[in-house]
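**Q** The listed protein sequences derive, respectively, from chains D and F. Following our numbering, the numbering of the first sequence begins with 4 at its first residue and continues without gaps. Following our numbering, the numbering of the second sequence begins with 3 at its first residue and continues without gaps.
To be clear, the hints were calculated from the coordinates, so they are not data collected in a lab.
Restricting the straight-line Cα-Cα distance to at most 27 Å, the calculated cross-link-like pairs of lysine-lysine (DSS-like) are:
1. 121/D <-> 76/F
2. 169/F <-> 121/F
3. 12/F <-> 121/D
4. 121/F <-> 132/F
Now the in silico label distances, taken between C-beta atoms and shown as ranges:
5. 136/D <-> 134/F: 36 to 46 Å
6. 124/D <-> 110/F: 40 to 50 Å
7. 124/D <-> 118/F: 37 to 47 Å
8. 226/F <-> 135/D: 54 to 64 Å
Far from chain F, some chain D residues (derived; all Cβ distances over 12 Å):
9. 44
10. 67
11. 91
12. 107
13. 110
14. 127
15. 130
16. 243
17. 279
18. 288
Note that the coordinates shown come from a computational prediction; the quantities given were computed from them, not determined experimentally. Every residue, glycine too, gets a C-beta built ideally from N, C-alpha and C.
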Amino acid sequence: MSAITSPARQASSGISARTINRIVIYGLLALFALFYLMPLFVMLVTSFKTMDEIQNGNMLSLPQSPTIAPWFKAWGETCVGLTCAGIKGYFWNSIKMVVPAVLISTLLGALNGYVLTKWRFRGHTLVFAMMLFACFIPFQSVLLPMATILGSIGRFGATLQNATGFNFGLGNSTVNLVFVHVVYGLGFTTLFFRNYYEAFPTELIKAAQVDGASFFQIFRRIMLPNSMPIFVVTVIYQFTNIWNDFLFASAYAGTGDVMPMTVALNNVVNTSTGVVEYNVNMAAAMIAALPTLIVYVVAGRYFVRGLMAGAVKG
Amino acid sequence: MAFLEIDGLKKRFGNVEILKGINVELEKGGFLVLVGPSGCGKSTLLNTIAGLETITDGEIRVDGRAINDLHPSKRDIAMVFQSYALYPNMTVAGNIAFGMEMRGVPAAERQAAIDKVAKILQIGHLLQRKPSQLSGGQRQRVAMGRALVRDPKLFLFDEPLSNLDAKLRVDMRIEIKRLHATTGTTIVYVTHDQIEAMTLATKIAVMRDGEVQQFGTPAEVYNNPTNVFVADFMGSPAMNLIPAKIGANGSGLSVVLDREARQPITLSLPGAPAGLAAFKDKQVIFGVRPEALTDPEGAERNGSEIATADCHIEVVEPAGSDTFAVTNLGGKGVVARLRADARIQPGTSTPLAFNLSKAVFFDPATEKRIL
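All chains should be modelled from the sequences, with the hints used to inform the complete structure.
**A** Laid out in structure tokens, this is it:
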């Protein structure tokens with residue numbers, strides 16, 4: 004038990020303890036990852052199986068004779084309610100709604116953040132506090148008032164239709180959903196951009212003013228090009244939220260050809276024509292999940308970088 | 003009529019008055035330095051000239067034209083910021099040309115102007131780089147290039163050298179001075195560094211608490227400070243401000259400096275300012291710069307009022323080019339500036355020469371200069 008031998012002993016026992024720690028940690032992480040990925044795995048393998056195999060085989064087994072027919076059927080033939088033309092139309096409905104909603108809410112959020120940090124006015128903190136409050140309003144509480152507003156807008160659109168022969172998109176379900184998502188998303192996008200621009204050097208704006216740039220020129224030429232990280236964060240956040248939204252979609256565009264993907268998927272699964280085609284349902288669900296997956300894969304590294312931005316002053 | 007005139011300028015934030023009536027003017031081609039401790043309002047004053055801050059009262063005129071209500075871009079000014087404020091998403095060339103682009107200058111003209119400025123500042127090889135790929139000194143040059151390229155009536159510099167390391171700061175200071183000499187531009191320059199102020203300025207405005215304490219040439223400000231604050235702020239090491247008493251010396255006056263456990267030093271003042279007579283037998287602040295308090299061999303040969311007195315040296319600081327010795331007079335540490343090779347030991351007494359023609363006196367109550 005001398006002082007000379009003890010450091011060596013500590014070192015050797017330390018290494019083995021560290022190794023055990025690693026094994027336990029990684030083992031647990033692997034277990035949780037497996038648990039978390041299991042539904043995705045089942046969905047994927049099921050979507051490539053034939054109905055026979057699904058009915059007679061194991062849920063976890065790999066497809067014996069892989070087929071991509073369920074994917075084609077989900078895309079082009081499966082029945083959504085009474086129409087049997089696949090989910091492709093609804094997929095495009097969602098795209099047509101999500102892309103403008105994301106872009107408009109993100110740009111408006113950036114503009115709000117720009118004004119709230121660089122063109123401060125009396126009461127700007129109150130305005131920001133109220134916009135923040137918008138982040139905490141539950142979806143359900145705005146359903147009815149929003150329906151009333153959309154109804155008024157629709158009637159106004161009809162009046163325009165009668166008067167000018169064109170309704171300017173007012174009353175159109177997709178336009179309605181874009182409007183709802185832009186309004187609901189503004190609180191979040193403003194919060195993101197406002198916090199990002201708070202740390203943005205004000206001297207740049209002053210320099211641009213001296214250089215003769217106008218309010219919007221500064222926004223377009225100085226602010227936006229230097230907002231890539233937060234822009235990507237906001238786009239991912241908004242894209243995921245709006246694409247996955249079911250409540251607003253089912254409330255304001257819940258029937259007919261105007262349904263977005265989420266509502267259509269629900270109808271695919273609920274439409275029974277005898278046998279439940281699990282493989283087609285799974286394929287349809289996978290197709291519905293793909294766009295958000297792609298957005299994460301393409302822009303994910305910016306997402307993490309953007310979330311970290313501002314945490315440490317560079 | 004001066005080129006830049008600032009007339010009774012006031013700036014208020016709520017109830018707080020940041021600038022309390024500033025009056026300053028500058029001739030064409032002049033170099034005005036606004037100097038003062040942080041929070042004195044010098045940057046705010048510069049921002050009001052630039053138009054980045056509104057003013058509460060007063061007028062700013064450039065070349066006879068009031069500009070205080072014009073948008074920054076309409077004032078024909080260029081500004082160099084403390085952080086350089088280079089647009090990170092644009093190349094150096096893009097940064098320099100941005101102002102011209104906003105003003106709709108044709109591309110060919112812009113290119114010619116960029117090339118000309120790049121040549122003056124020797125940044126031709128950097129034009130296609132982004133600001134993040136530049137060193138501090140290079141960024142500083144680009145920031146100056148962005149101002150120079152516009153050929154404005156007035157250049158504003160907001161502490162442009164404070165982010166550079168000490169050596170580079172000296173180099174860039176010389177470069178700014180050379181630039182001013184060769185281009186003949188009119189410059190307003192903000193700094194808290196009194197050496198920058200002394201070396202660069204043709205006119206200095208020393209500011210404190212939103213007021214100009216003294217406005218004059220560097221020599222005036224240095225040699226004839228109007229109050230204790232200016233005397234203390236300008237010069238490094240700072241002026242020795244020694245509590246002293248005025249005594250009578252025959253028909254003339256003398257200054258009496260107390261010493262710890264020793265006879266006070268009495269120096270007769272043949273060239274005392276007229277106002278000093280009223281302070282006979284009263285306390286004053288006796289101001290003498292370190293270079294006016296030196297070893298007798300190093301004192302000015304032709305100085306008319308050299309008085310020598312033995313002083314007890316407490317600390318000796320050899321600084322290479324000079325040796326600074328600290329003694330104690332009137333209860334305060336007093337710095338004397340000796341020749342580098344002065345043989346002097348701490349703890350001994352040595353004769354020091356007071357150059358009284360350079361000495362100044364202040365009223366301890368008002369802190370104003372006694373003239």
